[in-house]
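Colleague: Sequence:
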Amino acid sequence: MDETPLLFEKILRNNSLHVTHARKEVFMALWNKEPQSMREIEKSIGQSIDRTSIYRSIELFNKLGIIHKVQMGWKYKIELSDIFIEHHHHISCLNCGKVIAIHEDEHIESMIHKLAETYKFTKPVHQLEIQGYCQRCTDNARSLSNV
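In case it helps, numbering that gives the first Met the number 0 puts the sequence shown at residues 0 to 146.
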């Protein structure tokens with residue numbers, strides 16, 4: 000059995016918080032999934048949990064480090080933090096919002112740690128977000144310009 004849900008429950012209990020039905024549903028909506036918008040999370044949960052409980056759970060999870068927000072311009076998507084999934088970065092489409100996980104690269108990680116050392120920072124935490132246009136959106140834009 001995967002230990003991920005048990006670790007989630009342990010984090011809540013270690014912070015003197017209850018494992019409520021709403022919190023568990025929100026966590027499970029994020030588990031083993033690509034980054035999601037709030038709308039996508041709400042849709043996957045359905046009517047079983049009210050919107051306010053979903054937003055409160057996300058806010059709590061952010062404070063506890065259970066999730067992090069993947070910035071996409073002025074918007075964001077949500078995914079479980081490195082506590083639950085392997086450290087990685089993202090590349091996202093500025094047009095359709097598609098997000099792809101890019102697995103950790105030793106050269107990038109080394110450069111980030113060297114930069115932190117140069118500026119006398121310890122224990123650097125980071126997110127690398129690359130934005131551009133995916134192949135589908137690029138192809139669609141080309142086909143429209145040929146009309």
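Derived by calculation from the structure, the hints in this document are not laboratory data.
Honestly, I wouldn't trust all of these hints.
Below are the BS3-like pairs computed for lysine-lysine, each with C-alpha atoms no more than 27 Å apart in a straight line [unchecked claim]: (1) 74 x 9; (2) 97 x 122; (3) 62 x 42; (4) 76 x 119; (5) 23 x 68; (6) 119 x 97; (7) 32 x 113; (8) 119 x 74; (9) 74 x 32; (10) 74 x 62; (11) 97 x 68.
Colleague: Each hint: holds or not?
Modeller: The hints, checked one at a time:
Of the pairs offered as hints, the one joining residue 74 and residue 9 is violated, with about 30 Å between alpha carbons and a cut-off of 27 Å exceeded. Under the criterion of a C-alpha separation no larger than 27 Å, the hint pairing residue 97 with residue 122 is inconsistent with the structure, at around 30 Å. Proposed proximity of residue 62 and residue 42 is supported: the alpha carbons are some 23 Å apart, at most 27 Å. In summary, the hint linking residue 76 to residue 119 is not supported, as the alpha carbons are separated by about 31 Å, beyond the 27 Å threshold.
Using a Cα cut-off of 27 Å, the hinted pair residue 23 and residue 68 holds, with the two alpha carbons roughly 19 Å apart. With a CA separation close to 36 Å, the supplied pair residue 119 and residue 97 exceeds the 27 Å bound. Between residue 32 and residue 113, the direct Cα distance comes to roughly 32 Å. Violation of the 27 Å bound is thereby established for this hinted pair. A C-alpha spacing of about 31 Å is found between residue 119 and residue 74, which places the hinted pair above 27 Å, so the restraint is violated.
A hinted pair counts as satisfied when its Cα atoms are at most 27 Å apart, and residue 74 with residue 32 qualifies at roughly 18 Å. The straight-line distance between the Cα atoms of residue 74 and residue 62 is roughly 19 Å, inside the 27 Å bound, and the hint therefore holds. Restraint check for residue 97 and residue 68: the C-alpha separation of about 15 Å stays at or below 27 Å, so the hint holds.
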